[in-house]
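For the protein sequence lines, the chains are A and B, in the order given.
Residue 113 in UniProt numbering is what sits at position 113 of the first sequence, and the numbering runs on without skipping anything.
Residue 268 in UniProt numbering is what sits at position 268 of the second sequence, and the numbering runs on without skipping anything.
Take these hints with a grain of salt, some might be off.
Pairwise CB distance ranges, derived in the manner of DEER restraints [as the list claims (entries may be wrong)]:
id, chain 1, residue 1, chain 2, residue 2, range
1, B, D158, A, A312, 56 to 62 Å
2, A, P432, B, E354, 26 to 32 Å
3, A, M1, B, S444, 48 to 54 Å
4, A, P432, B, I192, 41 to 47 Å
5, B, P19, A, L434, 46 to 52 Å
6, A, N16, B, K369, 21 to 27 Å
7, A, P432, B, E347, 22 to 28 Å
8, A, R440, B, Q256, 33 to 39 Å
9, B, I192, A, N16, 25 to 31 Å
10, B, K145, A, R346, 47 to 53 Å
11, A, T174, B, I192, 41 to 47 Å
Please keep in mind that the hints were generated in silico from the structure rather than gathered at the bench.
The beta carbon of each residue, even a glycine, is placed where N, CA and C say it ideally should be.
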Amino acid sequence: MSAISEVVQRARAAFNSGRTRPLQFRVQQLEGLRRLIREREKDLVGALAADLHKNEWTAYYEEIVYVLEEIDYMIRKLPEWAADEPVEKTPHTQQDEAYIHSEPLGVVLIIGTWNYPFNLTIQPMVGAIAAGNAVVLKPSELSENTASLLAAILPQYLDQDLYPVINGGVAETTEVLKERFDHILYTGSTGVGRVVMMAAAKHLTPVTLELGGKNPCYVDKDCDLDIACRRIAWGKFMNSGQTCAAPDYILCDPSIQSQIVEKLKKSLKEFYGEDAKKSRDYGRIINSQHFQRVMGLLEGQKVAYGGTGDAATRYIAPTILTDVDPQSPVMQEEVFGPVLPIVCVRSLEEAIQLITQREKPLALYVFSPNDKVIKKMIAETSSGGVTANDVVVHITVHSLPYGGVGDSGMGSYHGRKSFETFSHRRSCLVRPLLNEETLRARYPPSPAKMPRH
Amino acid sequence: MEREVQRVRAAFGSGRSRPLTFRRRQLEALRAMVQEREKDILAAIGADLSKSEFNAYSQEVISVLGEIDLMLEKLPEWAAAKPAQRNLLTMLDEAYIQPEPLGVVLIIGAWNYPFVLTIQPLIGAIAAGNAVIIKPSEVSENTAKLLAKLLPQYLDQDLYAVVNGGVEETTELLKQRFDHILYTGNTAVGKIVMQAAAKHLTPVTLELGGKSPCFVDRDCDLDVACRRIAWGKFMNCGQTCIAPDYVLCEPSLQDQIVRKVQEAVKEFYGENVKESPDYERIVNLRHFKRIQSLLEGQKIAFGGEMDEATRYIAPTVLTDVDPDTKVMQEEIFGPILPIVPVKNADEAIQFINEREKPLAFYVFSHNSKLIKRMIDGTSSGGVTGNDVIMHFMLSSLPFGGVGSSGMGAYHGKHSFDTFSHQRPCLLKTLKREGANQLRYPPNSQSKVDWAKFFLLKQFNRGKLGLLLLTLLGVLAAVLIKGGYY
């Protein structure tokens, strides 16, 4: 048996021991996780800085704080969520107990990703632990410092058999995917999402796939462009554009294009100064392969701002493209970099048409003071989620499940949805052994003639 | 096949399934179909499974009508946007979850309850605003042909299409792209369906099977228990995904259980079971032979009679069954009830946990603590305590499997939710930009400290408290920007 097999078997045996069932145990583990974050914050920030040029503020505000929130929320709500949930009964079942009983699934695999390597591995883990599962973590090898750190410190704070970390590249991930799990949550690309689901199908393992797409951002003529552009710039260029929920491209009327460019520039200078390369808060591209990929998207485009890059430090300047052709390469794949194409459309209808001709994105953004415009955009498109008049923030609200639809993913998590995703909600109907008379009608022999009804 | 799916997709693209009035009319038409063509429907089911009109009505048609009525009643409530709880930073915004149709749904039906297992999912898919392609099982060919004939007479012909055929046609169909696939059938084909779905990243609901165990405790009313078990086991000649597959009990109870089950069988089907109009037949020769082979080497307490010509297998009970024999290795799906003796409830729990998670779990006992302990100690799709089958009948309970017995669930609201995309929406205004100042670069230690203060605050001080906190946040932002911190 391979080393990976052994690790998974050990996690399964640990799950079968039953020690994750009591809520007390799960809360203890979550508290351990919280202690890890508080005590090792410096190490975490160090790893994130090495992987993605994050600093103590961006690391905290963009990744760590949401995990802490999730842990606090989960600990507080666990007794309520883990309790049996009574359901509505019918006249026939009045004497019975009818409820949904939440139970752990077993061994959950969480495959993390590299852009928010801490948050996107640990936040799902919080839900999986709370639901009473054993959890195997496979952090992304691209964010290698965070991956190594997690492997080193998690065993110091959590049960070592129940929550192992497996590191490695494509070969190791392929091997992990051959094992049998009771749920797999994968965050990453659509292409690999298919591979994960295919592997899961062999064991009939349910999956949650958090994938990507091109998140459109429609800007209405009538809106306050100063504020809109500041918010868009914030969400687009955080982590150097490497955010699944980032606004991928802008759709707007040609008459406001140059204003948008000016105001975006203004915000960018406020955020990162004249030369973003010198800003502590501006991220770097994860590796050379992605650096080349993003720089390649600029070919043949009208660069209104930025457009420069430095391969040695994997720095790409905040870049804005104008009059972008919807057929060009930058509009054919998720940008996942600090390049913001602006595509001109002459009306809301044209914008909606452009959006619906493409795959359903993870997020959709619409800026307008007019509620009717917003509601029409929502009603006539589909996407994982929506924020109107801002970007990204819908994914930070506990009560709004975070997930995609179509090519952008399936299933969702965050808050209570995490707990449910990693649980089996088992229907239970418990009847008394009495009242046999009332059941007589259901037993054969049936009446000689079909009764009139 | 591709053209058929394109046609249905284009119909969905037209947008006409979005208004609730349209969906309601389709459901009402479906109800009219069931009511007006009842005789044809009962006859088709009867031909496929040798089922009496009464049984076909009470086992299938009644559930369909109930589901349509429920869906019609609840549609406005379920389709409405559901407000979501907000946090400090979104307190003054609109936050809600909006259900929307997925697009084109594929429903692959099964042959054992060929009408309800195809139509009940259809009801949910229509209610959720989707276009639907229905692929009935070819094994129940009369019902399959009837559905292909009737549905276009009552429902929108472009939005809801029936595709019939065997393995070849189903394979072709599975190459097409859908927005959700619901499959009812066996575990092996379930894997094939999920693999096909993976190519298009199509979410799936798989209603599969397994060996649903039935534990009978010493402390229980055996007369009642055995009657209920016999009812659920032998209905549809054992061809029910949630039939109690086998019984677990202490050795001392075995003989009593055999006797009482035999008595119940006599009550239900008379002395000559073969002549009872209420006793069905095995669906085809292949399954007949399969079930026949399960009896090899077993101790038959009663039953065991077979007639290949009519595919009749008598209600049969086996005793002292060895867990390693064939009858305990696969889902029986026939009128054979093995009894496996176990020492006690703990041994029963262990036995069950050594096997794949079943679709249903049954336990009979007066002792409610024991029932809870057995539920806690095992896993299964669903549970009925002190009866069998019935958790399927309560639509507020999601119906589905876990592990090898399936994934996802449906019935009632769970159908509606399964066939919808629940889309979270956060609507902010372009005002109150002050509150956002903390989030913009350039950073500073004070920003981190303020963020730690605000983001981790417990938000249960009521609206006024939240407002105060927001104002404090704006103040903090102003002060930071003004260089005071």
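- [ ] State, for the Cβ atoms of T174 of chain A and I192 of chain B, whether the hinted interval 41 to 47 Å holds or is violated.
- [x] The hinted range 41 to 47 Å is violated for T174 of chain A and I192 of chain B, with Cβ atoms some 21 Å apart.
- [ ] Just tell me: holds or violated, for the beta carbon distance of N16 of chain A and K369 of chain B against 21 to 27 Å?
- [x] Given about 23 Å between the Cβ atoms, the range holds.
Open item on the list: Range first: 46 to 52 Å. Now tell me if the beta carbons of P19 of chain B and L434 of chain A are that far apart.
Closed with: holds, 48 Å
Task: Whether the CB-CB distance between P432 of chain A and E354 of chain B falls inside 26 to 32 Å - done: holds, 31 Å
Open item on the list: The hint says 56 to 62 Å between D158 of chain B and A312 of chain A; measuring C-beta to C-beta, is that right?
Closed with: holds, 58 Å
Task: Outcome of range test on Cβ distance (I192 of chain B, N16 of chain A; 25 to 31 Å) - done: holds, 30 Å
Open item on the list: Verify the CB-CB distance for K145 of chain B and R346 of chain A against the hinted window 47 to 53 Å.
Closed with: holds, 52 Å
Open item on the list: Within 33 to 39 Å: is that where the Cβ-Cβ distance between R440 of chain A and Q256 of chain B falls?
Closed with: violated, 22 Å
Task: Whether the CB-CB distance between P432 of chain A and I192 of chain B falls inside 41 to 47 Å - done: Between P432 of chain A and I192 of chain B, where Cβ atoms are some 42 Å apart, the hint holds.
Task: C-beta pair P432 of chain A, E347 of chain B: status relative to the range 22 to 28 Å that was hinted - done: holds, 26 Å
Task: M1 of chain A paired with S444 of chain B, Cβ distance criterion 48 to 54 Å - done: holds, 52 Å
The structure fails to meet hints 8 and 11 from the earlier list, while all remaining hints are met.
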